[in-house]
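Number of protein chains: 4
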Amino acid sequence: MSNRVTYGMVGGHLNAFIGDVHRKAINFDTRARLVAGCFSTNEDLNVQTAEAYCIDESRTYGDYLEMAKAEGSREDGIDFVVICTPNHLHYKVAKAFLEEGIHIACEKPLCFEVAEAEELKKIAEEKSLIFGVTYTYTGYVMPKVMRQMVKDGKIGEVVSVNAEYPQEWLIDELDANASDTSKFSTWRMDPAYTGIANCVGDIGTHIENMVNYVTGLNIKRLVATTNTFGQALDLNANIIVEYDNGANGAYWCSQVAAGNLNGLKVRIYGSEGALEWEQQKPEDVRYTPKGQATQVLSRGCGYITEAADANRIPSGHPEGYFVAFANVYRSIITAILQKKAGEPLSGEGLDFPTVDAGLAGVKFVHGVVSSAANGSTWVEL
Amino acid sequence: MSNRVTYGMVGGHLNAFIGDVHRKAINFDTRARLVAGCFSTNEDLNVQTAEAYCIDESRTYGDYLEMAKAEGSREDGIDFVVICTPNHLHYKVAKAFLEEGIHIACEKPLCFEVAEAEELKKIAEEKSLIFGVTYTYTGYVMPKVMRQMVKDGKIGEVVSVNAEYPQEWLIDELDANASDTSKFSTWRMDPAYTGIANCVGDIGTHIENMVNYVTGLNIKRLVATTNTFGQALDLNANIIVEYDNGANGAYWCSQVAAGNLNGLKVRIYGSEGALEWEQQKPEDVRYTPKGQATQVLSRGCGYITEAADANRIPSGHPEGYFVAFANVYRSIITAILQKKAGEPLSGEGLDFPTVDAGLAGVKFVHGVVSSAANGSTWVEL
Amino acid sequence: MSNRVTYGMVGGHLNAFIGDVHRKAINFDTRARLVAGCFSTNEDLNVQTAEAYCIDESRTYGDYLEMAKAEGSREDGIDFVVICTPNHLHYKVAKAFLEEGIHIACEKPLCFEVAEAEELKKIAEEKSLIFGVTYTYTGYVMPKVMRQMVKDGKIGEVVSVNAEYPQEWLIDELDANASDTSKFSTWRMDPAYTGIANCVGDIGTHIENMVNYVTGLNIKRLVATTNTFGQALDLNANIIVEYDNGANGAYWCSQVAAGNLNGLKVRIYGSEGALEWEQQKPEDVRYTPKGQATQVLSRGCGYITEAADANRIPSGHPEGYFVAFANVYRSIITAILQKKAGEPLSGEGLDFPTVDAGLAGVKFVHGVVSSAANGSTWVEL
Amino acid sequence: MSNRVTYGMVGGHLNAFIGDVHRKAINFDTRARLVAGCFSTNEDLNVQTAEAYCIDESRTYGDYLEMAKAEGSREDGIDFVVICTPNHLHYKVAKAFLEEGIHIACEKPLCFEVAEAEELKKIAEEKSLIFGVTYTYTGYVMPKVMRQMVKDGKIGEVVSVNAEYPQEWLIDELDANASDTSKFSTWRMDPAYTGIANCVGDIGTHIENMVNYVTGLNIKRLVATTNTFGQALDLNANIIVEYDNGANGAYWCSQVAAGNLNGLKVRIYGSEGALEWEQQKPEDVRYTPKGQATQVLSRGCGYITEAADANRIPSGHPEGYFVAFANVYRSIITAILQKKAGEPLSGEGLDFPTVDAGLAGVKFVHGVVSSAANGSTWVEL
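Chains as they are written, first to last, in the working numbering: chain A, 1 to 381; chain B, 1 to 381; chain C, 1 to 381; chain D, 1 to 381.
Please keep in mind that the hints were generated in silico from the structure rather than gathered at the bench.
As the list makes no split between identical chains, a pair holds if one copy fits it or if it spans any two.
Below, in silico cross-link-like pairs of lysine to aspartate or glutamate (EDC-like), each with a Cα-Cα straight-line distance of 20 Å or less: (1) Lys265 / Asp284; (2) Lys154 / Asp284; (3) Lys290 / Asp175; (4) Lys92 / Glu126; (5) Lys265 / Glu278; (6) Lys154 / Asp175; (7) Lys154 / Asp172; (8) Lys92 / Glu119; (9) Lys290 / Asp172.
Work the whole structure out from these sequences, hints included.
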């Protein structure tokens with residue numbers, strides 16, 4: 001029993017794609033059971049979703065505040081809540097559950113305002129609550145391998161970074177006057193629902209998060225251009241960053257780049273070697289020790305000693321996106337279990353994107369938007 | 001309730017890697033619940049496994065025959081059994097459960113002898129039972145796309161096939177005198193446990209299965225060489241096949257091919273175009289219409305109309321091996337549900353490797369071993 | 001006779017790598033004969049080189065000024081001069097030969113100062129002389145194909161560019177105190193010989209040139225960071241550009257990026273599709289029409305109608321760097337022959353990098369250095 | 001003068017593609033001058049070609065026998081002859097020049113009959129003449145690197161080979177009744193001009209040659225299937241070979257494999273590692289030491305100590321097909337110069353495909369055709 005927890009969800013009704021991904025990812029390791037939820041503001045949909053997952057009627061809530069209070073008061077209340085509502089609600093929902101002493105797993109972006117993020121961080125720290133932000137991609141094994149390699153000095157001091165996240169899927173938005181623009185996209189282009197940035201918030205933050213995860217470097221300042229192509233929000237952005245160690249990096253994110261599906265790619269150059277990884281080929285890392293041949297490191301192979309525990313299946317069997325997501329939850333749940341047991345977080349329990357990662361993302365978005373709005377001048381983060 | 005089933009397992013104790021993969025794959029869609037098991041002949045391990053999965057003591061069995069009888073007699077007996085014992089037990093276990101009227105999901109290879117496979121097929125047909133054989137790789141979406149493209153005539157008549165499945169992991173077996181040979185490998189080299197073939201049975205059958213799945217072609221006859229390198233069983237094999245349409249194909253499987261992890265790859269050449277797919281990059285198919293540029297088709301993209309329902313997540317998010325496995329089980333469970341509902345199998349319920357695929361695999365293994373033993377003469381299948 | 005020309009060289013002695021490349025490239029089409037030279041300021045080496053190429057003693061010069069005058073006065077003087085001296089001499093040598101009415105093929109960078117480049121351009125135009133600058137990479141066939149595709153509207157309006165040129169070879173320069181720094185590199189780090197930039201001048205200019213060649217876009221302004229890592233000149237640079245059509249692009253060049261040999265790569269994104277090309281795989285272009293599968297276009301294939309005349313050998317036979325270089329010279333020599341025949345330049349004779357490309361490169365270098373020196377502010381070109 | 005030679009050509013008129021390739025390849029190193037020729041049986045074309053290359057009228061021959069005699073009698077007769085006639089003339093022409101004591105560079109296939117090849121070999125040996133057969137692909141640097149690595153034991157004992165050469169270009173021949181079949185293809189399908197095999201002779205021999213070059217292994221026996229698809233000669237073939245060391249290999253060649261241009265690829269598996277190379281990406285070799293990560297070895301890099309002298313230009317600048325061809329001629333000419341100087345062949349002078357390679361190719365073709373004709377039984381070579 002001590003290695004099991006229960007959870008609830010806010011958002012994630014039956015028709016919501018990402019809700020199912022969260023449930024499958026959590027379910028992968030069968031340590032957490034879904035027992036409560038406020039899945040939709042549409043009552044029918046809410047009830048249908050609850051029924052589909054055998055949630056007791058008494059724990060099917062029409063309102064997230066009610067849910068937070070009720071679950072916070074129950075003896076057997078949920079251990080953590082998964083927040084996968086539209087982005088503009090993250091802050092309010094997270095705050096409500098934190099205040100009830102419930103651990104959090106929140107979709108990214110954490111929230112829209114830096115002050116909000118800092119507030120959430122403050123509450124979580126004061127109440128000693130686990131706060132995970134589901135930046136999925138750091139759940140892949142190979143970024144963990146790279147991170148350890150960088151820590152071990154395998155590439156020396158980082159001297160340059162080139163990272164990108166191009167997609168094609170909003171290319172039709174380039175024609176601002178097109179009448180067939182999908183509702184969904186229109187929603188994305190409304191700052192009330194999306195915040196001050198579209199592309200930079202949605203995918204640019206993954207670049208920031210992944211580079212930080214792998215290298216440990218923080219962005220000191222940045223200059224940026226963004227492109228709206230006549231829309232309310234950005235569809236493409238170029239960013240030059242300066243890290244706290246003085247090195248520079250270049251980030252590019254786009255949702256109008258034909259031929260790219262979900263092309264998160266990071267290349268880290270150091271004084272002693274380089275590392276390269278792509279989300280769409282997550283099993284491989286290209287590693288070049290200075291002056292030597294490039295090596296293709298494949299997940300799960302015996303010659304990789306770093307992060308060996310993170311593997312689920314033998315090399316050559318692609319683990320994929322769901323496993324990465326499951327790994328994020330594995331770490332969050334381990335952390336919650338360690339917390340419940342009164343132990344300090346350790347090992348796996350330390351390896352997930354926290355509210356700090358969420359805060360860094362919000363700052364990054366504000367930095368990029370601010371620089372672009374001010375003639376691409378340097379903005380300190 | 002009508003869309004849920006229960007299942008039991010024979011084999012697959014806590015330390016057995018593949019048992020966990022089966023459970024995760026089944027669990028992915030949460031339509032089947034594990035309620036019974038005979039996980040190990042080791043009593044402690046059996047009980048521990050049962051407890052870990054909250055199996056009732058009354059349905060934790062020390063013997064598979066006892067389990068078959070008991071579950072076959074219960075009103076709420078399991079709908080299907082997953083067989084993931086060592087290979088030499090598949091036949092006996094499958095037969096026992098079939099005779100009790102229980103649907104089957106059996107690891108590959110189905111069994112060792114052609115007569116055994118034919119017997120299992122006969123019983124399953126007589127009793128109208130679903131019999132799935134878990135050739136995982138056909139669960140990937142892109143082979144489904146290729147299959148439909150071939151059916152639709154996109155590459156015309158198949159004129160040549162080149163398919164392979166190289167691995168490196170048994171390369172140390174090349175030194176037959178090495179003292180550090182692992183127990184596991186020794187086990188693999190014992191025909192009593194492995195059957196008449198090692199490499200051809202273990203991975204060669206996946207080539208045969210995948211080519212058949214994609215093209216619909218059956219092997220009429222074949223010539224083969226196998227290489228044992230001083231061991232009791234084969235570690236490498238080259239096979240030329242002739243299909244029922246008169247075309248030839250070349251198959252190569254190896255477990256001593258340095259630099260290859262799990263390199264199943266099929267290339268299908270037709271009179272109007274070609275298709276190419278690799279298991280380690282499962283999201284992409286290379287498609288060349290005759291005389292035109294090669295196209296990289298990516299899973300989930302809107303321009304792929306074939307097998308569109310099979311996708312789980314948007315393009316650019318690698319689905320991976322677990323999802324392929326989950327897809328095989330999704331189809332098997334759908335078939336069982338259709339059967340329980342008294343409906344003819346249809347759609348998804350028809351798209352899984354059956355006992356026929358298992359039988360074809362056993363015939364293939366016997367054909368290859370027989371040809372190699374007889375100076376690489378043609379053997380009719 | 002009318003389709004043959006003669007040429008001389010300044011620089012390019014026997015031990016100079018690039019001199020031999022120029023000679024082989026010119027020799028590839030056997031339309032130009034080397035008849036004069038001032039190959040080295042080292043008299044012995046000069047004479048040895050002349051002898052190796054059967055240059056008459058009377059046309060072996062110890063001084064480029066003397067050579068320009070003598071060849072300019074001869075009835076049978078050289079048609080053009082190849083300038084492959086160290087960079088700091090390009091301007092002086094080019095001017096001397098222009099003033100004698102001799103056509104020019106000059107290594108890049110054209111010169112160090114914008115005023116110098118403009119002066120050369122002015123003289124060439126006044127005297128109606130051909131002035132080629134040997135940006136080799138536009139000599140490859142596939143950039144020509146891309147250029148035509150862009151012109152034909154295949155990718156619509158360009159909305160974003162990502163281009164780069166990383167190399168590894170100066171990575172040891174990161175340690176500014178290392179005692180084993182090679183002489184050659186030291187020379188490169190001396191502005192007297194290299195000009196105001198190292199990496200940006202040497203390889204960054206190829207990015208600028210290639211993007212302009214393919215898209216026709218000119219850079220309106222740019223912001224940049226450069227990294228010297230304690231050396232006198234830059235080893236790494238990140239640049240965000242804005243084109244005259246309002247789109248942005250990101251350029252990265254580096255000589256300290258482990259794992260990269262000569263990695264010029266351009267990616268052009270348009271409203272209707274995208275194009276991608278890498279110098280190290282010059283035979284292929286990746287082309288994605290919006291919403292469709294990525295196509296791998298291979299040089300020489302029948303389905304490529306653009307720039308079909310530029311091919312030398314059938315598809316699948318890699319043409320390589322020498323052929324690209326030969327193509328640049330083919331165009332320059334065709335232009336010279338057209339000029340000699342009193343015809344307007346046309347076709348092939350218009351397809352080579354001119355003094356305008358050289359001038360654009362010099363401006364680009366000054367822009368990048370100036371922006372970096374001024375806190376990464378916008379610099380208009 | 002002692003490092004220059006002269007040559008003549010039989011075949012290779014102005015409209016013949018391959019003649020120009022030979023001339024460019026020879027011309028690349030400017031050590032051999034074309035001074036005589038019998039370029040075509042069409043008198044006008046012969047004369048035009050001679051004029052285009054400034055061949056003296058007295059050395060422009062209408063008949064190859066006349067040419068052999070005349071050049072063999074001249075004091076300043078050609079040092080070697082390049083034979084690039086249609087295949088069915090190779091034997092006769094080569095014999096004529098050998099008998100006049102003239103060194104040979106002959107296109108492949110050497111000839112049609114084993115007895116002919118043996119006769120040519122005998123004459124060449126008796127007269128101590130250099131006899132090169134222009135299997136171009138062994139002229140690439142990376143096969144030379146692999147060859148040295150195999151010799152040095154880097155991959156241990158060879159245990160398996162997989163090699164192939166697929167092309168697409170004759171795919172329209174699959175429709176034997178099509179009326180638009182090109183003349184050229186018709187010619188290829190006539191045994192009088194092409195010999196007993198089409199695809200196997202044209203490209204299959206390159207597989208045989210390359211594997212032998214890299215590994216040193218000779219084929220002891222083989223089984224094969226060929227496919228004519230209703231044509232007179234083969235368009236596709238699968239071959240299983242057994243080498244003199246007991247290992248097996250699989251070869252596949254095809255001219256009806258959509259999506260393949262010129263796909264020669266060899267994969268050599270040894271007890272200690274593996275090597276992989278593709279003609280269309282000639283700069284890279286994939287090398288996997290057993291149990292370690294795959295390394296991408298790039299031509300010209302400092303970490304490659306094998307065959308370092310063979311490089312022409314720095315790493316990252318693709319050398320391509322012409323340079324490979326030039327390298328074959330460099331070796332042939334070096335051998336001729338060594339022979340003329342009365343020195344034993346050494347170094348470069350030993351590294352070209354000789355009449356032995358030509359003979360092995362003829363035997364290979366006969367073996368494949370014979371096995372296929374006899375129900376795919378083993379044929380000893």
